[in-house]
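Going line by line, the protein sequences match chains R and V.
All the letters of the first sequence, read from the start, carry residue numbers 1 to 265 under full-length UniProt numbering.
All the letters of the second sequence, read from the start, carry residue numbers 1 to 444 under full-length UniProt numbering.
To be clear, the hints were calculated from the coordinates, so they are not data collected in a lab.
Keep in mind that the hints are not guaranteed to be accurate.
As the list claims (entries may be wrong) - For the chain V half of the interface with chain R, some residues (derived, Cβ under 10 angstroms), not all of them:
#1 Ser-57
#2 Arg-324
#3 Ala-326
#4 Gly-331
#5 Ala-332
Stated by the list, open to error - Label-pair ranges, simulated between beta-carbon atoms:
#6 Lys-89/R x Ile-238/V: 47 to 57 angstroms
#7 Arg-439/V x Asp-133/R: 26 to 36 angstroms
#8 Asp-92/R x Phe-255/V: 22 to 32 angstroms
#9 Glu-441/V x Asp-133/R: 28 to 38 angstroms
#10 Arg-154/R x Ile-434/V: 22 to 32 angstroms
#11 Lys-89/R x Asp-257/V: 40 to 50 angstroms
As the list claims (entries may be wrong) - Taking lysine-lysine and the BS3-like style, the derived pairs with C-alpha atoms no more than 27 angstroms apart in a straight line are:
#12 Lys-89/R x Lys-106/R
#13 Lys-112/R x Lys-317/V
#14 Lys-334/V x Lys-123/R
The model shown is predicted, which means the values in this text are computed figures rather than measured ones.
Using N, Cα and C, we set each Cβ at its ideal position, and we do this for glycine too.
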Amino acid sequence: MYDAPNTELHVTQNDIKIAARKVQVYYGDTHAIKDVDVDIEDKTVTAFIGPSGCGKSTFLRCINRMNDTIDICRVEGDIQIDGEDIYDKRVDPVQLRAKVGMVFQKPNPFPKSIYDNIAYGPKIHGLAKNKADLDEIVEKALRRGAIWDEVKDRLHAPGTGLSGGQQQRLCIARAVATEPEVLLMDEPCSALDPIATAQVEELIDELKQNYSVVIVTHSMQQAARVSQKTAFFHLGHLVEYGETGKIFTNPEDTRTESYITGRIG
Amino acid sequence: MTDASMQGGAAAPSRKSSIHTIDARTKKRNAAEARFKAYGLAAILVGLFFLVVLAVSIVRNGLPAFTETTVDLEFVLTEEQYQEAEGTLFKTAAYTDFFIAGLREQLVEDGVEVAFDEDAIERILGKVGGNLREFYRANEDKLGEPVSFTMSASSRVDGYMNGRVTRDGLEDSRFLMATDLDLVDVLRDAGIITQSFNWNFITGADSGVDNPGGAGIGASVVGSFFMMIVVLVLSLPIGVAASIYLEEFAPQNRFTDLIEVNISNLAAVPSIVFGILGLAVFIQFMHLPQSAPLVGGLVLTLMTLPTIIISTRASLKSVPPSIRDAALGVGASKMQAVFHHVLPLAMPGILTGTIIGLAQALGETAPLLLIGMVGFVARGYPDGFVGGFTEANSAMPAQIYTWAARADVSFYEKAWGGIIILLLFLLTMNIIAIILRRRFERRW
Ligand SMILES: Nc1ncnc2c1ncn2[C@@H]1O[C@H](COP(=O)(O)OP(=O)(O)O)[C@@H](O)[C@H]1O
Ligand SMILES: [Mg+2]
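Isolated chain V (complex conformation) (with noise of 0.2 angstroms):
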């Protein structure tokens, strides 16, 4: 027994084998490695399929808000009719009442017929009498001369011209009839209802509930610009600082490291419990002003600042110890060593770290729902830079989330709208990491 197996061991190694034909082993272990390479790149295709998926919904949804639907009509308002519409009761009925005249007499002139009356007008362009007294009341001089009017279509209107609102499956309401439709079709093809880029929507402040068509991100624009202004200042420097006292003077004890550990808890925290704590501590206790960009600030610089510390600690730490051994060999101190020669290393993680983070402070939007941002309507700019910061104001995805829980769906495509935006920003600061990385980067 002991010999057959000892045979059958020694003839083992003495088989011939050729490189030519693959044993089973070789087989399987390229099966398994032509596996995972399939795995691999079936997940990455599956991840592009989302990304292109949300891309695309996200432009779809969100390009109409970036236009909008005007009516552009020359009208004459004579002194007599100013004179008779003001003399009436219903004052603004008047006024709708001559611009359909003059609405006609266009459309005459233009050759096309129609029929439409005064409610068809208020329902396409909500109430023009209101809004042309309130401009002749207010340019008297203007009667008896030719005056160009834009004014803004309804939300269906606009709709309807972006095909977000079909003729299928439309109910007549109070708010837009199939035959209002017509109408729409009529004067578009005569020029009078036009699209344009909507530059309201990117520099404008928010409007009421029932004015979508108004409604801006301007204003929280620079509401989160100060914010990030604030965020910046505060959370740069003391991250930083933190980060350079922990891993390279600190001493290593049990302090240190329970120090460290927080650090990583914190990173972790639900953003909207930093959110309470800037409730109770800033606006209850230090009473500064509510939905302030300095308040959110305040919370943000306290989301970001583990973010910041963490990656700067591991930039830190990746900077080779031959590189202060060689600046103390030469008596350096350990300041001098951190400053001169480790810190400037470690910059392109520092960076990219920071602005990570600030991205992520820049979409934040449950903390901000606690101090009151949300739902804050900024109908105005602040006046100044120290108003930036004081005055109430709302934050891009703060106003996004506002637009989004309101009901008419004409805010729903604004909230879209505003997606694209909060995107550019952020696309924006990652290019800026990437340039700013590859400017410091020692590439020797």
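Just chain R, same shape as in the assembly (with noise of 0.2 angstroms):
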């Protein structure tokens, strides 16, 4: 408790990026997510915690509409990235994806080579002129997601065959190469060892200088050591939102207590 003001002399305010609103999810009859507002900052690294099944993976998916690829899933309210509905009928996921990447839970390389991941996306949306251009873009990918040194002698391997921190660096690595300027991870370090995920975290760090970050992690301590906000999801209710620092250590709501301390699982 003593150290909660300490942290939030850090925090500096930025612009909205994201903003919820009412948002709500239904899978065929179950509610999944119920009326969740919420505002997400510009470079800023944004943590959902809570018990699993409490809806934050489909929270998550609903920023860039994943969800729509499930035919059962159907989302309400209203979500706007830069003051734009994302959900408006003139807008095409396919482009909303390109600006918002997304890392999944389990590193998913294509089975192809390193370099052929990474330039799919900028290939798809037209980003390189020339193999040159593609080359540079790749290099770029690659030293953003912190694995240049580690593949560099071996762009044209398999991604497939790379360790699962390297994996799923890649894959980060892939998901900023076609510029986002919001990038959603999913759990992102659940299917690697400590070392792997320290290095990741180093990652998710560097990264909030030019995107605005939002993960979704079942570890508090990886919450507390990454993120500047953090949002707590119960049953598909959004309960406590705020300074990460005094989520953990002044938190408002009894649940978000109760979990924190370790009594709801």
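Work from the hints to combine the two standalone chains into their complex.
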């Protein structure tokens, strides 16, 4: 409790990147997300925590409309990125996803070469005019993914041949290669060992200089380490949202407190 | 009482057991496992045994179809003999007499003596006289010079050379007499009757019912080939497109469920049903040519589609969803995700399914019965590529069926030989399937 004010001092106020109002998500008859209002800041790491099944992934997937691929899923309410409604009829989800990158729980590189993994996104979005351009984009993305030094000599080796941690950083590099503005990460470290986790966390910390990063995690320590803002979900509700330091040291809601102290699992 | 039972219960876990003594329960379990393994092994052995029996009998029965027995004789017919023969009433009989005289001369030269008459020669060689006359009337310039004739022996003699016909139990008939076999032996020893590889069986077309020696499977191989082209060109794109739509794009609702169930049902529909459908739709309604590989191919396409759709959908399903997420996550459209990532991964399964479907179609006989490809005697090759699709032809299994149904036992031998050819094609297709699967498989 005594270090709470200390943490708050470091927080700077950024612009709002994502604004969600009264978001409801249904899977058929299941009401998975109930009335969620949240403002996610730019150049900030925001962590979503909560017991499993509370709807963290579901809400995250609303932000890049990955839920559209699930037939029975229905989203209501209003989500805006930079003031534009992403569920507007004029929005093409494919275009949106180039702007809102996503990293998944399990590393899922394409069964292609490391180079092709990174180059795929820029290629389909026409970001490179020629081969030299593409090479540059690939190198830049791999550097941002903090994996360039490990793979620069084997760019044409299969991406699936890397270790788990390397694969996840490759996936992060793939996500940043399309120059997104928001990066969504769904438990990106849950399949990784502690060393790989540390590397990815370090990377997330760097990424926040350019992106708005939203990370779902089931590890409260991780949330505390990497995020500036934390949202606590419970049974589809957003129970509490605020400065990470405050959530962990001085939560307002009793449910948050129970979860943090290990009484809700 | 309670005390006693409690004591018993408490004593059980504390009983000392050595891991060196195997307890009854474990023994029972191990025995069951050993029994199961034995059953499995026995099942495999029985299966192998039948496979070997099948292979041996196919090869034994079919190999004779690949050899032919011929009579090779150098023969001179002079101008005068020709005029004389053409002047008589029974012209072919005269030619036969000259041939017999020539044969006698040859035998005397070789120093063998055997008595035979004109009838024996006709039983062994068929209508020699007719063949000779036909030749000389077409090639009068060959009169007076030696010409080597190679004439097929009759199917009975061929059977004797192959061991199908034996002396024991041979009853004299107007087709073969026991004494003819003595003559055959002598001629064989003299090198006049020989056996050679029967290329005609592989390249030739079907013959009439009276000439089993001349029957070949070549024309029906061509028929099957054109049918397979039709099947491949139609069923692969249609099947794959349908599967991709159903698997990746179609909404899950009653209607798609119904389609799904019906595709599975179609795969189990007896092939003759497709045959009668083809007869009604393609021939009676659309007036496509009967017995044509085009129609056969269309019917077999109907039959192959469900197989291809089912295997394609299975291989699309087996591509991990995380790959689709990855592609959609970097902003690929659904179609890009499918064509760039899912389809290449599903390719080995799709190709295997397609080739298995084609192999099934290649061996299918029943539907061909109904569109007139069985019983049609293909006497020649189609002219040209288009003709290959539209001209009446037979197909390999249909040809085999036709032969097996004929009375002359030599055709039976041809049927087995045809089965060897058919199996060789199937084997080749399976090997291609394996090679393709290996090639496309990503081992990373
Ligand atoms: N594809 C789906 N179909 C049906 N229900 C789903 C699906 N995905 C998630 N759910 C349901 O939505 C709720 C929230 O799930 P999720 O967002 O995955 O939770 P979390 O990521 O917090 O563990 C759960 O009750 C889950 O059963
Ligand atoms: Mg989740």
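Consistency of the hints with the structure:
1. Interface hint at Ser-57/V: violated, since its Cβ lies 46 angstroms from the closest Cβ of chain R, which is beyond the 10 angstroms cut-off.
2. About 8 angstroms separates the beta-carbon of Arg-324/V from the nearest beta-carbon of chain R, less than 10 angstroms, and the hint is met.
3. At its closest, the beta carbon of Ala-326/V sits 4 angstroms from a beta carbon of chain R; the interface hint therefore holds under the 10 angstroms criterion.
4. Using the Cβ-Cβ criterion of 10 angstroms, the hint placing Gly-331/V at the interface with chain R is satisfied: the shortest such distance is roughly 4 angstroms.
5. The beta carbon of Ala-332/V comes within 6 angstroms of a beta carbon in chain R, closer than 10 angstroms, and the hint placing it at the interface holds.
6. About 34 angstroms separates the C-beta atoms of Lys-89/R and Ile-238/V, a value inconsistent with the hinted range of 47 to 57 angstroms.
7. With their beta carbons about 32 angstroms apart, Arg-439/V and Asp-133/R fall inside the hinted range of 26 to 36 angstroms.
8. At about 27 angstroms, the CB distance of Asp-92/R to Phe-255/V agrees with the hint of 22 to 32 angstroms.
9. Between Glu-441/V and Asp-133/R the beta carbons are some 33 angstroms apart, a value that agrees with the proposed interval 28 to 38 angstroms.
10. As the Cβ distance of Arg-154/R to Ile-434/V is approximately 31 angstroms, the hint placing it in 22 to 32 angstroms holds.
11. The beta-carbon spacing between Lys-89/R and Asp-257/V, approximately 30 angstroms, falls outside the hinted interval of 40 to 50 angstroms.
12. Between the alpha carbons of Lys-89/R and Lys-106/R the distance comes to roughly 32 angstroms, so the proposed pair goes past 27 angstroms and is violated.
13. At most 27 angstroms may separate the alpha-carbon atoms for a hinted pair to count; Lys-112/R and Lys-317/V meet this at roughly 20 angstroms.
14. Between the alpha carbons of Lys-334/V and Lys-123/R the distance comes to roughly 16 angstroms, so the proposed pair stays at or under 27 angstroms and holds.
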